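Keeping the supplied structure of chain A fixed, place chain B upon it in accordance with the hints.
Protein chains in written order, with the working numbering: chain A, 1087 to 1365; chain B, 1087 to 1365.
By construction, these hints were calculated from the structure, which means they are not laboratory data. Model, not experiment: these values are computed from the prediction. Be aware that one or more of the hints could be misleading.
Because identical chains share one entry, a pair is satisfied inside a single copy or across any pair of copies.
As the list claims (entries may be wrong) - Only pairs whose alpha carbons sit at most 27 Å apart, straight line, appear in this in silico BS3-like list of lysine-lysine: (1) Lys1352 to Lys1188; (2) Lys1187 to Lys1309; (3) Lys1278 to Lys1091; (4) Lys1091 to Lys1345; (5) Lys1113 to Lys1091; (6) Lys1352 to Lys1309.
Protein chains: 2
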Amino acid sequence: MGADKIGYLGPIGTFTEQAMACFFAGKDFFGVPYGDIPALIRSVSDGHITCAVVPAENSVEGSVNVTLDLLLSEEGLLITGEVVLPVMHHLLARQGLRSFKKILSHPHALAQCRGFIDRRFPTAVKEATASTAEAARLVSACGEPWAAIGTEEAAAHYGLEVVIRAVQDYADNETRFVVIGTQPVPPTGRDKTSLAFSLVHDRPGALHGALGEFADRGINLTKIESRPARRSIGYYVFFADCEGHREDELLAAAIEAVKRRSTYFKILGSYPRWEGRRC
Amino acid sequence: MGADKIGYLGPIGTFTEQAMACFFAGKDFFGVPYGDIPALIRSVSDGHITCAVVPAENSVEGSVNVTLDLLLSEEGLLITGEVVLPVMHHLLARQGLRSFKKILSHPHALAQCRGFIDRRFPTAVKEATASTAEAARLVSACGEPWAAIGTEEAAAHYGLEVVIRAVQDYADNETRFVVIGTQPVPPTGRDKTSLAFSLVHDRPGALHGALGEFADRGINLTKIESRPARRSIGYYVFFADCEGHREDELLAAAIEAVKRRSTYFKILGSYPRWEGRRC
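The following block holds chain A by itself, in its conformation from the complex (with noise of 0.2 Å):
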């Protein structure tokens, strides 16, 4: 037996790989890095790889949807953990350099550092780029002033500096990221179930009815989300987590009588939900 093969959405130094460290910190594994999310989610369809690391909320590298899109089509795919990490955002250049005329970063990376950039570097023109990664790839290679946001990896990969660390708005932004695989995860005691399904369009209520099934059972969701089906927009599927495992005795019947509403049903998975340990 090697080490197991896990994938994440790179490139080098984003971070997505910051958390894949953090969540098989101590396993012998190796981190395959991919340039988009289908590419990566069907290769652990296909077996190349044993699972994938993926944003999910409040991501800085791009929007999870196209995730719960695949999670969705693509079979016997499973949600088999969580890792929540505190947003880290630095201000990355050459050595030396300490005015710029450009700041490159991804869109959301520079959403969650404008007041910083505005205040600092006023005359600084934004430009976005594809990744944080990518940023400090195109700062290391050009000659200009520019300065890139990005992690501490992606400086150490690019060859550059920390000119100023932690330039983000707010001190207390998080990103969630998941794991995805193939095998079942045994309950803990301490567990999260995703769960997928549409209800019946267009009726008030319907929703309402569906969380009742949770609410009467004492279970706490703790998101719901509706995003539009493949159709047309109208058309919708609820993602929702709720705290226990789908083996759970209140859980499992909660998951039977949505279930029975629902014109199309779903477990996405169940798996420990981060306590929030350090990395």
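Only chain B this time, still in chain A's reference frame:
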């Protein structure tokens, strides 16, 4: 009185520009492209532009999370309209090219055309850019056999040819845009209202109870989404869209009732719902 200045998420040639043209068709206006959503929305607050058009759901130019956050934090802004457009991705290239080493676009657009690319151009490298229009610009500026996935407007603007039309994998994919302004819109009889609220944390059934205020009055929710509030994940703001205008008697009563259950409450706007008129 001159023409209204309408800001939109640029650059020229994005889907958002199309949405603006569609929404304001027949009106006296001119469009001003902005590089990022925060600058665009703050320009409405500052009175530099009359209103702003930004992508909302299933967007190809990036998530609207930042829009929702700004609607909460900025005073005096309202959603004053919506536009829903079918997603139309075209393969764009310089004149006469038919085989491509690289295909560039926004990661969401690449994901939405993945089946097409893998089938027709299996050896092409997929490269992520900050927007679909930026992909067109890069393809236009570069001498290599590259193609972009983007709009007809981007093709025209950057002097590219539409090589293959409608290359998205799902023909019925749509994108929703919202118009943000400062003036309330009077009832039309065919309206939607967008709300944001927070409930007491971690109490099972809190959301179920709030949704009951709508269900009991026969009010249909067209969207519900929980988003982490700025504090940290685990504390949520709910974003809900419902049918009706805030001045409608039943909806006004439901709004008052939900407000009483909330630790935070804000009406984001009442506006005519998009009826699928053709642009």
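Query raised in the report: Given a CA cutoff of 27 Å, do lysine 1352 and lysine 1309 count as a within-copy pair, a between-copy pair, both, or neither?
Result: Close inside one copy (16 Å) and across copies (20 Å); limit 27 Å.
Report task. Have a look at lysine 1113 and lysine 1091 and pick one of within, between, both or neither, based on CA distance no larger than 27 Å. Result -> For lysine 1113 and lysine 1091, only the intra-copy Cα distance (11 Å) is at most 27 Å; the inter-copy one is 57 Å.
Report task. Could you place lysine 1091 and lysine 1345 in one of the four classes (within, between, both, neither) given a Cα distance threshold of 27 Å? Result -> For lysine 1091 and lysine 1345, the Cα distance exceeds 27 Å both inside one copy (35 Å) and across copies (49 Å).
Report task. Classify it for me, lysine 1187 with lysine 1309: is the Cα-Cα distance of at most 27 Å met within a copy, between copies, both or neither? Result -> This pair counts as neither: shortest intra-copy Cα distance 41 Å, inter-copy 42 Å.
Query raised in the report: How would you classify lysine 1278 and lysine 1091 at a CA-CA limit of 27 Å: within, between, both, or neither?
Result: within (25 Å within a copy, 48 Å between copies)
Query raised in the report: Under a CA distance limit of 27 Å, which applies to lysine 1352 and lysine 1188: within one copy, between copies, both, or neither?
Result: neither (46 Å within a copy, 36 Å between copies)
Violated hints, listed in ascending order, are 1, 2, 4; each of the other numbered hints is respected by the structure.
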